[in-house]
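Asks: The residues making up each chain are set out below.
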Amino acid sequence: MITVSSLTKQYGQRTAVDNLSFDVASGRVTGFVGPNGAGKSTTMRMMVGLTRPDRGETTYRGVSYSHMLNPARVVGTVLDARSMHPGRSARNHLAAAAALASIPARRVDEVLNEVGLDSAANQRTGGFSLGMRQRLALAGALLGEPEVLLLDEPSNGLDPDGIRWLRNSLSAFADGGGTVFVSSHLIAELAMFADDLIVVGAGKLLAAETVATTLARGESTVSVRTSQGVELGQLLERHGIDADAADGHLSVRGTTTAAVSRIAFDNRIQVTEITETRRSLEEILLDMTGASAEFAAA
Amino acid sequence: MTTTTLPTTAIPTDPRPQPLTRQRGDAVAALPAALRSEWIKLRSLRSTPGLLGAVVVIGVLLSWILATFVKTDPDTHLPFTIGETFVFSTWLTMVLAIVMGTLSFASEVQHGTLATAVTTQPARWVIVAAKAVVGSGLGLVMGVLGMAAGFGGAVLGGLEAGDTSGSLATAGWALLLTALAPMLGLGIGMIIRHSAGAVTGVLVWALVIENLVKSFAPASFTRLLPFSAAAGLLGIQTAGDNAETMAAALTRVQDAFVFSGYVALAIGIGTALLYRKEAN
Chain A
1 MITVSSLTKQ YGQRTAVDNL SFDVASGRVT GFVGPNGAGK STTMRMMVGL TRPDRGETTY
61 RGVSYSHMLN PARVVGTVLD ARSMHPGRSA RNHLAAAAAL ASIPARRVDE VLNEVGLDSA
121 ANQRTGGFSL GMRQRLALAG ALLGEPEVLL LDEPSNGLDP DGIRWLRNSL SAFADGGGTV
181 FVSSHLIAEL AMFADDLIVV GAGKLLAAET VATTLARGES TVSVRTSQGV ELGQLLERHG
241 IDADAADGHL SVRGTTTAAV SRIAFDNRIQ VTEITETRRS LEEILLDMTG ASAEFAAA
Chain B
1 MTTTTLPTTA IPTDPRPQPL TRQRGDAVAA LPAALRSEWI KLRSLRSTPG LLGAVVVIGV
61 LLSWILATFV KTDPDTHLPF TIGETFVFST WLTMVLAIVM GTLSFASEVQ HGTLATAVTT
121 QPARWVIVAA KAVVGSGLGL VMGVLGMAAG FGGAVLGGLE AGDTSGSLAT AGWALLLTAL
181 APMLGLGIGM IIRHSAGAVT GVLVWALVIE NLVKSFAPAS FTRLLPFSAA AGLLGIQTAG
241 DNAETMAAAL TRVQDAFVFS GYVALAIGIG TALLYRKEAN
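Going down the list, the sequences are from chains A and B.
Under our numbering, the first residue of the first sequence is numbered 1, with each subsequent residue one higher.
Under our numbering, the first residue of the second sequence is numbered 1, with each subsequent residue one higher.
Calculated directly from the structure, the hints in this document are not laboratory data.
One thing to keep in mind: the hints can contain errors.
What the hints assert, rightly or not - Distance condition first, Cα-Cα at most 20 Å in a straight line; then the derived SDA-like pairs of lysine to any residue: (1) B/K277 / A/Q13; (2) B/K277 / A/G49; (3) B/K277 / A/H67; (4) A/K204 / A/I187.
Claimed, not checked - Chain B is faced by these chain A residues, among others (derived, beta-carbon under 8 Å): (5) G49; (6) S89; (7) S102.
A virtual CB, placed ideally from N, CA and C, is assigned to each residue, including glycine.
Kindly generate the complete structure, drawing on both the sequences and the hints.
Replies: Quick look at the structure:
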């Protein structure tokens, strides 16, 4: 379990991370989301001692990263998949990291196999695609057989097959009792395998909750196609339900298909089509973080 | 502003024991692992054998050119001998060793691998110490190869052996210099943190600035400059030397202290910056 307490970081006048506190549970995949400039990367760097916080701390089952005897045995980290010397082979890149952490050399080939890079083990990383680099970076994180994975945008550059592989790998890691803390801008992707979400905006915590809870924030819309739209609209209004008529159909918010169907049936109104649309996690999160977005399209 | 952690899933108590914590002495115990890691990094790049090859080629060529085309020392007008020529290329070997030491750190910053190293070994001085030791080892190898090549080039050029009574001592001081040089480079790399900038800075200082300073500053000052001390250790003259600088020259022991002082200063400042700055 990871406990982040009151993390704060200021660069000049700008507060990158503002009194951030949250817990990350074991056995679950926790997504870390927020717009560009929300402080995600700074937070993750502070969590592994690369950036010194002005205030606050992060502990892993009670121990801070810098006080661990061998951090690579506890926390596997990928903060930048480009972090590798282009002239060094994948195997030697991992061998150097394994040696530094006193990890047996046999783990190098094991993790290369786990991430599907065994056939490219002796290739220099300068010729790797971004997807291959992501896989190699993840192999580096797995070297120490850690109980926590801390990953910053690990799906960048992966093809659809690679994304599915990553999703399955992280889910399996969490199912085995591991803790996965993963930032991603691919929210739809994250929604498919994350259990919990930490949502930040402008360095502040906006929400720490399950994905299901976040999804429940999204109001559903029931779309009804009927020749008696005006009549049904008036009936719904009488039941305190808002409805907008347009192009021969009604858009009804804040209710369910069952409720609309019952009202229509009770009043002998013929409905030719009725569908319920739930807002996506992406739309909900954009609403949550919209006001705090540092960079947004005009 | 105070933020509140919103209600979330119940966090189950983790039955596993706490991660082991670092105790006094653990960082020192991690040094052999860091040395292994640095050795793997060094031997896994093509630039390392390339550097050693360059040292050999420069050693052979310089001695051979002196023997074949220059033939006599311009200052003493005496013919060059093997006993003095074999060490001439060591000054360039030293410059290459400084560049190698510089790149051992600056390229890690450039390629982002420093962050990986620092997250793996939070006791950052361990990484510095490992780089210094491995760099020094390679510096020694470079020194031996350079002098052997210088000897070979002189023999190829047909030089006489000459007075070789001081050659062993000269070789010893030269090896001390090539062992210290990568550490100076490491310190410079840690301070400047930019491969091209650091290497350019070293070359411009060694080949231009120090010689310019010698042209106007008193010898009592210029003998304390790093590359003057290096030349003193090798017992050779450089482009900026003249009668005044030669008269004010330090002893080899003093030169060793001066050069070591620069190494200690660069490593000290660099290590302090490594702890102070963010690891990229």
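Asks: Each hint should be assessed against the structure and marked as holding or not.
Replies: A quick look at each hint next to the structure:
1. For the given pair, B/K277 sits about 19 Å from A/Q13 by alpha-carbon distance, which is consistent with the 20 Å threshold.
2. As the CA atoms of B/K277 and A/G49 are separated by approximately 12 Å, the hinted pair is consistent with the 20 Å bound.
3. The straight-line distance between the Cα atoms of B/K277 and A/H67 is roughly 19 Å, inside the 20 Å bound, and the hint therefore holds.
4. Of the supplied pair hints, the one linking A/K204 and A/I187 holds, its CA atoms being roughly 19 Å apart against a limit of 20 Å.
5. Taking 8 Å as the C-beta cut-off, the interface hint given for A/G49 holds, the closest approach to chain B being about 5 Å.
6. About 7 Å separates the beta-carbon of A/S89 from the nearest beta-carbon of chain B, less than 8 Å, and the hint is met.
7. Against a cut-off of 8 Å between C-beta atoms, the interface hint on A/S102 holds, since the closest Cβ of chain B lies about 5 Å away.
In summary, this structure violates none of the numbered hints.
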